[in-house]
Structures are given as structure tokens and as C-alpha cells.
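For the sequence shown, counting from 1, position 134 maps to 134 in the working numbering; every step adds exactly one.
Hint data in this document are derived by calculation from the structure and do not stem from the laboratory.
Worth double-checking, as some hints may not be accurate.
Once the Cα atoms are required to be at most 27 Å apart in a straight line, the calculated DSS-like pairs of lysine-lysine come out as [said to hold, decoys possible]:
(1) LYS71 - LYS111
(2) LYS124 - LYS71
(3) LYS237 - LYS182
(4) LYS238 - LYS182
(5) LYS130 - LYS197
(6) LYS182 - LYS71
(7) LYS75 - LYS237
(8) LYS71 - LYS197
(9) LYS69 - LYS182
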Amino acid sequence: MAKIKIDVNNLPVLTYRFLRMNEEQIETGEIETVEARISLPEKLPEGIRKEEELDEEGVQAFFAQTREKIKESTKEATPPNGDTSARYETQALPSGMGREVDRLLASCGVKAQVFRVPAGEKVKEPLVLKMHGQEAEEGKACLARQVICAEEGAEVSVMIDLHTGAEAEGAVGMQTLLLAKKDAVIHLYQVQMAGEKVQTFDDIGAVAEENARIDIVRMDLGGERSYVGCHVNLLGKKSDLQVNTAYLCRKSQQYDMD
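Build the full structure now, drawing on both the sequences and the hints.
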């Protein structure tokens, strides 16, 4: 049993502190953390490979070359006043919610499920991943992590469904890391339908290389307090990002997005 207390959604550039917008904090009482299992279809869509799961060290190694490309692309840039990019330096891939999510996942021993689409493969069917936070119904915090990699010229659609029972009172969190290599396309669709007593967080980190495109569509419909962070690095020429979001906040629900 432990308390979760992490600072998330740090702004890329700090603003006046009295606005209380520089970061948000996720905090729980004493809670047990468990690794949630993402439900996979009985048969993966043709063209998608599921690889060996990775611990934190493995995820760091997976994105090592990408991190070097990011450093190379920004080495001559002059950061603005209040720049917070140093906070991303320890991450496997810069993400919207920041380094403390990586640390939480690592400390809880959460492994990343890895899905790869080979070069030139155009996957016709979407990959559907379902996270039913059953442990949250027992008052626990369930955590998951996944990596999606589209090799050069590949295209894939991924749908992630996060939901819990209506009476659940725990916490649910996940991190999704995307890598679209040259000329690749990744479509990510996410729906969050947690119970109204559940804290949720959803962290996204992504890179689009030359002429690659990442499309993100997400809907947040449930949860007592919901935190979402998205950081996408357009690393190559003509790389593109499209994001469409929708959320529902009723009664005492709270929603924070960066």
C-alpha cells in the first residue's frame, strides 16, 4: 500500500504562478497499485506483430535512437524563458504528463506491451485494446503501458477503450507511446468511460518522422478527476499532427488536459 502523489501536465513554458496553471497534481490516499492487463482480440489484425513486453530499461532502449534524433534536431535552438524541456530528458520519449508518470510506472513494475507494423504494411482492420479497470472496483490503482511503432510507409489504426464499473472507487492510468517512422501513419482513437468515483490519467508521447502523420481522436466521458497529457514531436519535414478531443464534465467531475 502506498500513496500516489505526482506532479503532471507541466506546461512547456512556465507562466505566472498565481494562475495555478504550471502543473497539476494527482494524489490518492493509501492505495494498492497493480499492473492491469489490456484485453487483446483473439487474433491480431493481419500485419500487426506483438513483441516481447518491455520494462522501463527496455522502453528506454527501444526509443534510444529516436531520443538522439530529437536532441540533434534541437541542439541549435534557443529555449525561451521559463522553458521546462529539461524535465523530459530522463524520459524514454517525451510525454504530455511528464517524467513522474514514467517513474510511477517503473516503480510499480509495469511493463509495456509492444505492437509493431512492418515497413510498407497497410493494416486494414483496427487494433482494438480494451482496459477494463476491474482492480479499480476493488479500490486499487490499475496501470498499463503500450508502445505502437509503425515502420517506414506503414499505416495502422489503434482503438483504446478504457472503462470501469459504475461503482468503482479506485484509480486507472495508462501511457501510450507512438512512433511513426518516415511516411508512416498512425490513427489513435481513445475513449475513457470510467465510473464517476474513479481518478483517471492518460499519458501520450509520440514522434512523427519525415512525411509521417499522427491522428489522435479521444473522448473523455467518465471519471471523478481525469488528467490527460499529450506531447507530439514533429521530427521530420512535412510531418503532421491532427488532434480532435471531446469531454463531458458534469456535477463534480474535473478534467485537466495539457
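For each hint, the structure was consulted:
Annotation: proposed proximity of LYS71 to LYS111 holds, straight-line Cα distance about 26 Å (limit 27 Å). Using a Cα cut-off of 27 Å, the hinted pair LYS124 and LYS71 is violated, with the two alpha carbons roughly 34 Å apart. Using a Cα cut-off of 27 Å, the hinted pair LYS237 and LYS182 holds, with the two alpha carbons roughly 10 Å apart. Using a Cα cut-off of 27 Å, the hinted pair LYS238 and LYS182 holds, with the two alpha carbons roughly 10 Å apart.
Taking the CA atoms of LYS130 and LYS197, the gap is near 20 Å; set against the 27 Å cutoff, the hint holds. Only pairs whose Cα atoms come within 27 Å are accepted, and LYS182 paired with LYS71 is accepted, the gap being roughly 18 Å. Under the criterion of a C-alpha separation no larger than 27 Å, the hint pairing LYS75 with LYS237 is consistent with the structure, at around 17 Å. The straight-line distance between the Cα atoms of LYS71 and LYS197 is roughly 41 Å, outside the 27 Å bound, and the hint therefore fails.
Of the supplied pair hints, the one linking LYS69 and LYS182 holds, its CA atoms being roughly 13 Å apart against a limit of 27 Å.
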